[in-house]
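Number of protein chains: 4
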Amino acid sequence: MFSETIELRGHIIDSLILPKVLDQILTHGAAFKIGEIKIGQKRADQSFARIEVTAETSDALDELVLRLRQHGAETVERANVHLAPAPKEGVFPNDFYVTTNQQTFVRFDGKEIEVRPAMMDGAIALDRKKRAARAVKFFDVDKGDEIVVGHQGVHVVPVQRSTAHTDIFQFINTMVDADEPKSAVIRELGQELRRARRAKGRIAVVAGTAIVRTGAGEHLERLIEMGYIDRLFAGNAFAVYDVERALFGTALGQDPERAFVGGGHENHLRALNTIRACGGIAAAVQKKILTRGILHACVKHKVDLVLTCSIRDKGPIPGVTTDVVEAQKIMREKLAGVTHVLLLGTVQHSMAVASMLAPTVKTVCVDIDSTAVERAVEHQPLQSIGLVTDVEPFLRELAESLAKRSPTSNT
Amino acid sequence: MFSETIELRGHIIDSLILPKVLDQILTHGAAFKIGEIKIGQKRADQSFARIEVTAETSDALDELVLRLRQHGAETVERANVHLAPAPKEGVFPNDFYVTTNQQTFVRFDGKEIEVRPAMMDGAIALDRKKRAARAVKFFDVDKGDEIVVGHQGVHVVPVQRSTAHTDIFQFINTMVDADEPKSAVIRELGQELRRARRAKGRIAVVAGTAIVRTGAGEHLERLIEMGYIDRLFAGNAFAVYDVERALFGTALGQDPERAFVGGGHENHLRALNTIRACGGIAAAVQKKILTRGILHACVKHKVDLVLTCSIRDKGPIPGVTTDVVEAQKIMREKLAGVTHVLLLGTVQHSMAVASMLAPTVKTVCVDIDSTAVERAVEHQPLQSIGLVTDVEPFLRELAESLAKRSPTSNT
Amino acid sequence: MFSETIELRGHIIDSLILPKVLDQILTHGAAFKIGEIKIGQKRADQSFARIEVTAETSDALDELVLRLRQHGAETVERANVHLAPAPKEGVFPNDFYVTTNQQTFVRFDGKEIEVRPAMMDGAIALDRKKRAARAVKFFDVDKGDEIVVGHQGVHVVPVQRSTAHTDIFQFINTMVDADEPKSAVIRELGQELRRARRAKGRIAVVAGTAIVRTGAGEHLERLIEMGYIDRLFAGNAFAVYDVERALFGTALGQDPERAFVGGGHENHLRALNTIRACGGIAAAVQKKILTRGILHACVKHKVDLVLTCSIRDKGPIPGVTTDVVEAQKIMREKLAGVTHVLLLGTVQHSMAVASMLAPTVKTVCVDIDSTAVERAVEHQPLQSIGLVTDVEPFLRELAESLAKRSPTSNT
Amino acid sequence: MFSETIELRGHIIDSLILPKVLDQILTHGAAFKIGEIKIGQKRADQSFARIEVTAETSDALDELVLRLRQHGAETVERANVHLAPAPKEGVFPNDFYVTTNQQTFVRFDGKEIEVRPAMMDGAIALDRKKRAARAVKFFDVDKGDEIVVGHQGVHVVPVQRSTAHTDIFQFINTMVDADEPKSAVIRELGQELRRARRAKGRIAVVAGTAIVRTGAGEHLERLIEMGYIDRLFAGNAFAVYDVERALFGTALGQDPERAFVGGGHENHLRALNTIRACGGIAAAVQKKILTRGILHACVKHKVDLVLTCSIRDKGPIPGVTTDVVEAQKIMREKLAGVTHVLLLGTVQHSMAVASMLAPTVKTVCVDIDSTAVERAVEHQPLQSIGLVTDVEPFLRELAESLAKRSPTSNT
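For the protein sequence lines, the chains are A, B, C and D, in the order given.
So the first sequence is residues 1 to 411, counted in this note's numbering.
So the second sequence is residues 1 to 411, counted in this note's numbering.
So the third sequence is residues 1 to 411, counted in this note's numbering.
So the fourth sequence is residues 1 to 411, counted in this note's numbering.
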């Protein structure tokens, strides 16, 4: 039998750190013995636990300790991280440590260095001279870069429950199912967005085509006009839908004012052609060809627009990056500083954006598909809300709630 | 090879009768030869086709002709129906003709007798003396009753497209998907309901618990108050939810005004207990214990309330029939004379009610589950609309649309 | 501010009792102070916590303590329960304590009495003379019966993680999503069922119509033949589908051997008629009219068959209770002694049965709808597994896994 | 009132051409008068109809005639197409004719020229000298290219029902719902694939990650080994999953042999890193690093592998085109000559591929989401089947069905 002693610190009970650690130990068929435990008396107090973990093989113990680290466990013996050079450009050394989106520290030369930025699905590159650690993606790495291997010396600090204030994001279960009431959540979300504005937060929306198609665009426009949106992430198709609606009043040729009279793809393709002819969205607004719609509102209100392409697109709007690796770099850049994200009616983009978020970004996902909602928010525990509903009533109610008070008023 | 000649009459092209007949013939591996065909020049004109159908075996031909009859085919040689006595109470003779919900005639003694009412999943009992035919369920039949066997002499007349007017129900595809615009359909539905009122139609709602839980109850109450609802079909659970909301302001203990603060079943059970103590819904209204909510509105506005039970119920409200066969009889009775049905957010009740509708009842189904919507309306071709959406935005928009004009105003 | 001190005992960390209690306190806007805490060093050791809870109003505190009790909290001051007489037959006194399905004790005359059986959504009737407490439904209660009111003196003991053995049911998250591998879970479930047989457990299946329609019936028959099923709960419609398949080889008239050749309801209705003519399932088997299928296997292998009706049924099979309250009584009776339940492809019946289960019944739910699966198992924490998949591959793999070894062999 | 006379030819009844045309006319609020009609007596006979269409405005008539053309209508007066030059590279002239995926002819200089290839969502470029017409995408067009504008002179020939043989694709409704039997369809599909092989058809699979994750990979490998797959289209993520499974036996770190023991993203990222280090899939096979799995089978059996990227990818495998416009060109090229496509468990790729298919490509879509299935096959009427089910039982049953006979044997 092989043993190692780990330590946990913080709000380890109510942020579920200790229960998750014990669950992982049991799930992996290992045993535990709690050596010392100190539970904070009040909400603001820190707790502490020292646990001896025992597994049958050395490999099983190593695998388990890696999992426990991701829930915030530290080993008692603080060793330095191991490093290995990247064998070639774009390739990490074997056994590289795979990052999570949680706050992470590495121990080097006896000191704890924070890995910046926190980013999922990368490696950690360490700069010995600058004593700096950064999370890197494949495209970031050059031959010879020193990369953390194994997990020794890595310390993850999971997001914990705030002690100051219980906002709507900080519950254990924050899914609102299709048949549950949503008004209270939407209203509190409105208040949170107001607070965010006052605190100079940055709010991003990830927008799916259903917003335009179901006629919810006007509500999103109101949010933009009221100054609640700083960045808008969407697919090329979303942009084309919005332009089609603005130019022709239709969605895939269907006039929303005429029930069951289907249209064809003509207007959609022509909208795309028009923007291509203009040379892009901003140019189309400038030329007064695009005079309404969500994109128009974005240009007018200086919302940063990040459009990306997929193999389903009928053709790119000028200026859109068609290379997905380039697009990811741009998205990552544009997500820096964002404090709140609304993921609205688009699985594909929501998952892409969600995988790039820092763990403290407050995240709301709205979709009619409950599985999609769960997945989109699973990496933001204690920071996310999922609502299973149509995107139209959500946006309408949010816009109405925000319109009642100006963004600068107190809550 | 075995052949039989069939005839089709009516709007056999645009009501899809001829195409469906040819599709059935091909699907069954049989062959056809069109003997005579006359296509109406204009929309109002009748068409006619005489088709010789050939199959490999006599049984296959018989099975095929049965299917074709259900699409409106008549055999050229008009024979009388065959009859056999019911062998005992509640049991039909072998090979009894199984009814559809389409208008059906039987030939007896050389005359065509209409089967009344048109009702699915029953048999046809013929009264020789009265020369009357009626569709009967198992529980309707007594030993010795004369029941139609085989399908000779049976003539089905499918619903055809109206020639006078194309309303929103009369399209081939009337499903509105989750990401399609719904406002135009809801607005036209509102106009249809206004027309229905003026024409002394009867409108029924089949209501699921999500209406109460999502807070859409107020919109349904407005419809009731404006006089648009004549009958309300629901489960016992719907009633208890509405009472819980009215008495305690909660749904399954959850206060819709407090985000994520879950409740328990206590208020739900206590609401049920209160109604049981009162002796029923009407009594609770009379005693001024139940002073708001949908059921209260039903009692006040004399909406006929049909509540049924299921094995999931926590206990019956007094007056509710707990026997499902009895409940079906009551439902059938209460659906007589109904001209429009809204099936809202409840698969179980929608399917039950849908199976009892005459083919001319205009039917709207609203649910977040597209498969459920499709099934609920499949027996009402050219008379139904399906909307895949939350029930809350649907009811809100319908109520707003109807509130703009009084029910008695012209469209 | 109002305070009360509660105590928690048992595996309060890894069974999530303490975290859930703290979460409830925070969610309700209350505060806590942990007075004393003792955490068991090893898995088998008990833990203990004493917590002072403070809320703003007396009512809020009372509501909160009720919630905490349901997670296993006891108040320090052990008072006797309060009792009130039932005002009339079938009606509980106001403010009756609403039962959960967890093990529950009431304090009466200074002694703790266990409420038997543990049953959800009822009240607790106390017999002073016998010093016995039982959970009662509305239909169980007579005028004057003494019923527990409020929640003083009630002590709930939630199911905790076993200390002896970690079986597949005892994880915090036991949902297997549509795109996750299922073989390992199914194989371990097979081993669990083998163990159950050896330990004289009782296994019940709740069976939906999709089992018959998708052709998975043969796999269920194998389970029955191998002796793994003791009770089968299903709807009347399931029975009729199985008979139709046995008599005609079709499902709703559709021959599974002929692609896309749809049938009609005729065979379905005739199957029902045949069983009615025979006088029931057992009679049809005896008369050698029903010679194959699931029901036939049930009769041959003496599986207890519990069929219930719904308003969607086309007509009851003889012997089936058509009254839902009566049906619930029979179901409750037939679930006594059951140790394992498989809920297969039927939301309606699964939810009904799930609401009647003791908290220790190991429960597996299989359905293509993830929301349905979650709801069906939510009342069986640490005792349930949910698999989002078609019921056919699940049953096939389970039958294959069990066929590899005889039920009497060791694991 | 404005009128135009149109003509229809072919199997206009059983291929639903005439009914759809009449439905469009009614839906658009227009009127019709059938001038001449000749219905083929037998299945192989052609039919003909001449119809005068009347609409209220010239624009409405023009819009309607465009729709009718897409169902195969020709105007009686055969005019030449109108042409306009592309205003700049990558931009079509205003009012360009938007192509469908149906066989299309343009009339130029009094002659009918077929547009090749048939391709959706493009324009038609006409080469006067070569008298050739081709469908072009935005990226195909150069400044000054002559492009068809309006719809005059365009003639669409929709796919019609074969007269020789009714295969499983040629039914009006070819959706198999979750609760319907699938064996017969899968068996007939197996026979179709055998016929396809003998006839030198080309079979493509579009593969989603669920195939690997649910353990269905082995069945797909068998299909590859038996020689039934010519091309495999998938996302980068599918490839990484397959490599992770091959190298580590896990999927997202989860060992399919250990129930509920979740893993992390480490193995996934390391699998990706390994392939990057190798320099690609083929190199990894050559170096004997990748020795099993689907990609390995593809390399060994010379299946053409087309991998594309999305913004959700964690990093591209070497050799994968990261530019989506380039990727589309490659996909289009690799789809040339394909006669059968299986779209398995991936909405995103299925929709992308489906939009590039010629109308005669026989298409099968399998997914657990019924809406996705419907959309993936909607552009292949009379040539497609949709099955709502898990991809695992589908692939297993198909592989078993094909393994029973060798691909070269007769059906």
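FYI, nobody ran anything at the bench for these hints, they're computed from the structure.
All values reported here derive from a predicted model rather than from experimental measurement.
Cβ atoms here follow ideal geometry from the backbone N, Cα and C, with glycine treated the same way.
Do not rely on the hints blindly, as some may be mistaken.
As the list claims (entries may be wrong) - Heads up, incomplete: computed chain C residues facing chain B, CB under 10 Å, no partners named:
| no. | residue |
| --- | --- |
| 1 | S3 |
| 2 | G90 |
| 3 | G122 |
Tested hints:
no.: 1; hint: S3; verdict: violated, 20 Å
no.: 2; hint: G90; verdict: holds, 6 Å
no.: 3; hint: G122; verdict: holds, 8 Å
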